[in-house]
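Undergrad: Single-letter residue listing:
Protein chains: 2
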Amino acid sequence: MGSEKTFHMTPEEFRRHGHAVVDWIADYYARIESYPVLSRAEPGQIRASLPADPPAKGEPFPAILADVEKLILPGVTHWQSPNFYAYFPSNASGPAILGDLLSSGLGVQGMLWATSPACTELETHMLDWLVHMLGLPQKFLSTSSGGGVIQDTASSASLCALLAARERATNFASNQRGCDGKLVAYTSSQAHSSLEKGAQIAGIGRNNLRLIEVDETFAMRPEALARRVEQDYRAGLVPFFVCATVGTTSSNAIDPVPAIARICGEHKLWLHVDAAMSGTAALCPEFRHTHAGLELADSYCFNPHKWMFTNFDCDCFYVADRKALIQTLSVLPEYLRNKATETGAVIDYRDWQIPLGRRFRALKLWFVIRHYGVEGLQHHIRQHVAWAQKFADWVRKDDRFELAAPVPLNLVCFRHRGGDEINQSLMDRLNRSGDLYLTHTRLNERLTLRLCVGQTNTTARHVEKAWKRIQQEAAK
Amino acid sequence: MGSEKTFHMTPEEFRRHGHAVVDWIADYYARIESYPVLSRAEPGQIRASLPADPPAKGEPFPAILADVEKLILPGVTHWQSPNFYAYFPSNASGPAILGDLLSSGLGVQGMLWATSPACTELETHMLDWLVHMLGLPQKFLSTSSGGGVIQDTASSASLCALLAARERATNFASNQRGCDGKLVAYTSSQAHSSLEKGAQIAGIGRNNLRLIEVDETFAMRPEALARRVEQDYRAGLVPFFVCATVGTTSSNAIDPVPAIARICGEHKLWLHVDAAMSGTAALCPEFRHTHAGLELADSYCFNPHKWMFTNFDCDCFYVADRKALIQTLSVLPEYLRNKATETGAVIDYRDWQIPLGRRFRALKLWFVIRHYGVEGLQHHIRQHVAWAQKFADWVRKDDRFELAAPVPLNLVCFRHRGGDEINQSLMDRLNRSGDLYLTHTRLNERLTLRLCVGQTNTTARHVEKAWKRIQQEAAK
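Chains as they are written, first to last, in the numbering used here: chain A, 1 to 476; chain B, 1 to 476.
Same chains, same label: a pair holds when it works inside one copy or across any pair of copies.
Computed list of lysine to aspartate or glutamate pairs in EDC-like fashion (alpha-carbon distance at most 16 Å, straight line):
no.	residue 1	residue 2
1	Lys468	Asp435
2	Lys465	Glu33
3	Lys5	Glu375
4	Lys339	Glu42
5	Lys339	Glu421
6	Lys268	Asp321
7	Lys468	Asp399
8	Lys339	Asp428
9	Lys182	Asp232
10	Lys390	Glu464
The hints are simulated quantities; they were obtained by calculation from the structure and are not laboratory data.
Starting from the given sequences, assemble the full structure and let the hints guide the process.
TA: Encoded structure:
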């Protein structure tokens with residue numbers, strides 16, 4: 001049978017090299033503030049430092065790890081730096097990293113219940129825990145007609161919601177016909193770009209996604225939605241789906257879900273609520289008002305991988321009725337048949353998502369919830385909101401600056417009163433300095449700076465320093 | 001600004017607990033053969049052992065890790081056991097686990113080049129390395145009109161191929177109209193179920209996906225494809241996409257890509273080649289004949305997370321011309337605009353995939369290629385193929401059994417001559433024994449056992465033992 005020569009890493013080698021990687025990460029976090037937050041690499045610089053050809057022979061592990069430090073780190077933007085205020089955060093934390101490490105180590109596929117029952121059951125259990133932790137409607141519990149599943153991103157969750165809605169509206173799967181170009185979906189002009197992408201992917205077409213106008217707080221105008229829906233019906237089209245946003249990416253605007261839900265109810269439109277970033281705030285009872293109307297939604301998602309200290313990827317997606325979702329995404333070839341699936345006693349999450357395969361992502365969520373406890377999670381979310389509110393106060397009190405949008409939670413949209421060029425230059429200089437990293441958007445056609453207080457390791461001291469640096473640069 | 005009380009794990013705590021998790025994984029691999037491969041958990045058993053409510057207060061890390069052992073492990077099917085022969089493997093390896101750990105530790109988002117240049121550039125570099133390593137056509141290099149990207153799964157790769165093909169056929173994105181129900185896609189009746197799912201998701205409809213008949217080796221009949229395409233044209237439909245499979249999931253059948261490509265060329269149909277499992281074999285020049293005709297394909301994918309010792313998720317997807325793919329998947333809102341993107345000098349991989357966010361998956365691929373070297377990877381692939389061929393010989397020589405399909409690489413489809421009931425019972429008893437895990441398919445309407453030799457840690461001794469156990473059970 002040939003030699004038993006092996007190139008695999010033995011368990012003892014893994015132990016040794018694994019300790020070295022853990023130490024590297026611990027050291028990385030201890031010194032993370034010493035790096036410029038935004039990478040200073042030029043296009044092509046990192047590639048140019050890598051050998052053109054793959055190695056013919058294996059290399060010792062310490063050499064590989066040394067190259068991470070030398071070749072990769074200069075091209076890293078430090079998303080885990082406490083001075084990261086850009087986009088929305090994509091948080092890691094100790095327990096999440098270690099839960100994810102265990103997932104890699106176990107290396108199980110959770111496509112079917114049968115391929116690792118714990119992978120499915122822990123996920124269902126965590127998603128049910130989160131219903132209680134966030135005060136979500138009971139219909140999202142797995143013990144009801146609905147249930148939750150971990151998706152990679154809110155983009156995929158929106159797409160799944162679109163597909164389930166399409167199914168409910170047209171019996172797409174059993175008709176087995178392609179789309180007919182008549183389905184129309186709705187969201188606000190401030191909704192995430194993934195809605196346009198999803199409409200495109202699902203064959204709805206971007207032109208059949210209506211971007212409804214917003215009010216002065218950048219929230220969807222329900223009366224504009226109602227008007228547009230009526231108009232589309234009159235034109236012989238088939239309205240079927242509305243996505244409301246709780247916390248838009250641009251400015252954290254919160255759509256009026258109760259009013260939108262009434263319109264959806266009247267016309268039997270599927271209502272998806274995207275709370276990718278802001279959903280986590282509902283851990284604290286005092287912020288749950290942002291979820292008003294959710295009991296009328298057909299689906300909902302929020303991302304623990306943004307603000308709940310759980311490594312990417314981890315989006316929690318809930319449906320009130322799992323039937324349409326499964327109907328449209330289930331294909332059961334012979335090689336996946338098994339007794340557990342056929343008895344119907346189990347959940348097969350492959351039927352709740354776009355891909356077939358899936359890793360054991362519930363482990364990191366379990367680790368995070370148990371490490372922090374509800375109390376610990378609430379504490380840090382409250383801190384982030386308090387500091388963002390404090391920052392907003394400072395902006396209000398500085399004559400040179402103005403707030404560009406309401407600050408319901410932890411995102412502050414603000415600008416220098418001097419106009420777009422000054423704001424662009426201010427942002428560029430701050431980001432180039434390496435001291436902090438913030439990004440921009442456009443609100444009312446004006447360049448606006450966004451500062452999101454939500455990175456795991458950000459503390460009061462960092463937010464104070466950020467404001468000082470902004471003031472300093474503005475004074476130049 | 002409130003207290004600086006924290007619930008986060010400090011770097012020093014992370015170091016301590018991280019070592020414990022690494023040790024747990026090293027020990028797990030050292031004792032992995034002591035577990036029954038297929039979990040014996042009953043539906044609901046794992047959930048029943050978990051507390052109904054989330055913890056109000058945080059818990060010490062060692063208690064969490066102890067629960068992995070006590071509560072989770074009984075519900076794990078051991079995909080990393082050397083006695084795992086089911087489905088296709090989903091391989092982990094030491095270097096891949098540690099590369100993935102670093103990815104979790106760095107916690108960067110690679111949605112845009114600018115959000116971590118190293119994440120994008122290392123990925124491009126690895127995908128280019130793999131073009132050389134597998135002898136793929138030069139047009140798949142990033143330096144040509146095409147390029148490669150890491151997708152989560154081959155399902156997502158097929159979907160992206162479908163979308164790019166739809167774009168090329170209809171200018172879908174700029175037309176901005178929905179699908180019109182006329183587009184028709186083709187694959188073989190033995191192709192992966194993800195094609196049906198993809199056609200459904202993309203609004204093509206399952207009925208507009210033709211499942212072309214196969215020959216006695218379960219490979220697509222090109223003449224049947226040609227006939228069906230002509231017929232659809234005559235019916236006023238719009239053929240646009242063909243997926244050929246190099247190594248089907250059922251039986252490892254290899255579609256005749258050169259003949260299929262000629263038909264695609266004649267009618268300008270997009271040709272996608274799905275080599276999710278078998279592509280890895282092309283690391284060895286002697287198996288590259290399976291890729292004949294690939295120079296005529298528009299897109300291609302294979303999964304290092306199956307057979308190339310790289311943890312899930314890691315599917316390598318290539319396109320010959322990136323234009324259509326990017327056109328259909330790109331949406332650029334203000335909050336993602338940046339100078340690097342606008343100069344066009346960089347790749348933004350968010351435009352090459354369904355989700356927006358993406359983790360640093362190239363690290364594990366880099367670690368694997370450097371740890372093994374081309375030589376080490378080739379060695380293990382050759383061993384797996386040799387042992388599968390040996391196993392096929394044993395089947396041929398045992399009068400009670402027969403091969404159910406050709407064995408081009410490392411998957412053996414075989415059955416007891418006694419009929420479906422005997423095969424079902426044989427498989428059930430073997431899997432219940434915990435000594436090994438194999439799954440089934442149906443070929444020519446008969447239950448067929450599948451044994452795939454491809455798990456990272458499988459050696460000659462394991463394959464010999466598997467055959468002995470099969471013979472023992474058959475003798476009962």
